[in-house]
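Protein chains in written order, with our numbering: chain A, 967 to 1093; chain B, 3 to 301.
If you are wondering where the hints come from, they were derived from the structure by calculation, not from laboratory data.
Among the hints, erroneous ones may be present.
[To be verified] So the derived list for chain B, only partly shown, Cβ under 10 Å to chain A, looks like this:
| # | residue |
| --- | --- |
| 1 | Asn-27 |
| 2 | Ile-34 |
| 3 | His-36 |
| 4 | Leu-38 |
| 5 | Gly-64 |
| 6 | Phe-150 |
| 7 | Glu-152 |
| 8 | Glu-174 |
| 9 | Gly-178 |
| 10 | Gly-184 |
A virtual CB, placed ideally from N, CA and C, is assigned to each residue, including glycine.
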Amino acid sequence: MNATKFNLDRLLMPCDFPTKPEGNIKNVKITSLRLKPLNGECDITIKIPDSSKKTIHDMASNWISFGRSEIINVLVVREVNILMSFHHHNQKVNLKIKSDGTIKKDKNSLMDNQLIEEYLNYWQLIH
Amino acid sequence: MTITTGAHIPKKSFLLACKICEQGNPAVYFDIHHSLKDDIEKLINLRALIADNKNWIEDENGNYQEVINRDNKFGYFNLNQQWTEVCNNSITIHKINFNWIVNLISSDLVIDKYPSDILINDIFWRVGTLSPEIPIFFARRLSHQENFEEIYKILEARKGTKKGIILTTSSELPFGCSRLLGHEVISFRDCLVHDSKNFKIDQDILRALVDIGIKKEGFSVGYRTAYIDGKEYSFSKKQAAIVEALHKHGGKMNKHELLAEADSEQYDVYRIFRSNNKKHPALDTIIKNDSKGNYWLDA
């Protein structure tokens, strides 16, 4: 699945992932953020365990101050992993979304592409 | 280098240049983000960004590969030791041209034509003097402690410098650092003309910072100070009495009347406006005379 443009930079700040009841989604959280400065000279990847009760921003806040404009101004989000947990059978779907427009999901995921795209749109991650 | 005036520089592009400037390595990779391409291209066309080559590239798997020049072609050996050629664009990085920013400030503020000074290499510049006598500086990465300290030392050593303004690409200043040894610090973000899509420094904001320029034209209550045509004049008690008389009269007054107002034993008004053989700046500028003993206020 490809999308022409992603708006991942809003994920530099803590944000909510609202869900619709019919989606049967229990929880959505970011488990990995790969950031790059404007000069492209390095990657900064922040990862948290799937089971973490805190958000990635909370966990990383001890080392990176996301609220400081100087951090946000010079970093772009290149890739994000979003973990979606469902009420049904404790199913989970891991989405790896890149800023170049590619999305990968788990091979055995039953979540269809259209639903994924709907949610990404709902979360304003697609232009 | 031809300087493009601020009128042709979109504010958005300039603010991107500020962000790029704030990095340790003040450069931008063209493909860094699709939403930035237009602004980056604009800055390249303005010569605000200068092309440079980098010796690494990110492959399709997100791994960094060292770029090699083989027979005048650039590329890398992938994990399978296969040669993968890359285009020039993908190894080109664009660095900020600091002179462009300094010259842009100078041309936008129409400040004096003396060359700017580099006070700390790649960090701190003396751009020029904004009328009437406001030194203008430019600093980057001001929020970094080591830069802040170095700039502090430079300013401390420049004794006698009038209170000036430090323009900075930093969007956040260290707490309590809006002023540095009397010089006001302001981010470009906070001093650009609000209702303009193009780059333009709001000079009213700058002058308000140093308390100049937004003063109302006119005289202080006791006529000890006057602010006329952007210049400030100070008067002694006797001088103020003469200025007050002239102002209230509104026309020409004879020197004897004025001397009586000042309760002075001098034989001519101009003597009251001379001290140590120096003429008071108000004499012959706002206080005129006809060489026949008549004086009036030209303000």
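Now for the hints, and whether the structure bears them out:
1. Below 10 Å, beta-carbon pairs count as interface contacts, and B:Asn-27 has one with chain A at about 5 Å; its hint therefore holds.
2. At its closest, the beta carbon of B:Ile-34 sits 6 Å from a beta carbon of chain A; the interface hint therefore holds under the 10 Å criterion.
3. The interface hint given for B:His-36 holds, since its Cβ lies 6 Å from the closest Cβ of chain A, which is under the 10 Å cut-off.
4. For B:Leu-38, the shortest C-beta to C-beta distance to chain A is roughly 8 Å, which falls under 10 Å, so the interface hint holds.
5. Taken as an interface hint, B:Gly-64 checks out: its beta carbon lies about 7 Å from the nearest beta carbon of chain A, inside 10 Å.
6. At its closest, the beta carbon of B:Phe-150 sits 14 Å from a beta carbon of chain A; the interface hint therefore is violated under the 10 Å criterion.
7. The closest approach between the C-beta of B:Glu-152 and any C-beta of chain A is roughly 18 Å, which is over the 10 Å cut-off, so the hint fails.
8. Annotation: B:Glu-174 was flagged as interfacial toward chain A, and the flag holds, the nearest CB pair being 5 Å apart, inside 10 Å.
9. With its C-beta approaching chain A no nearer than about 16 Å, B:Gly-178 sits outside the 10 Å limit, and its interface hint is violated.
10. Against a cut-off of 10 Å between C-beta atoms, the interface hint on B:Gly-184 is violated, since the closest Cβ of chain A lies about 25 Å away.
Taken one by one, the earlier hints fail for this structure at numbers 6, 7, 9, 10, listed in ascending order.
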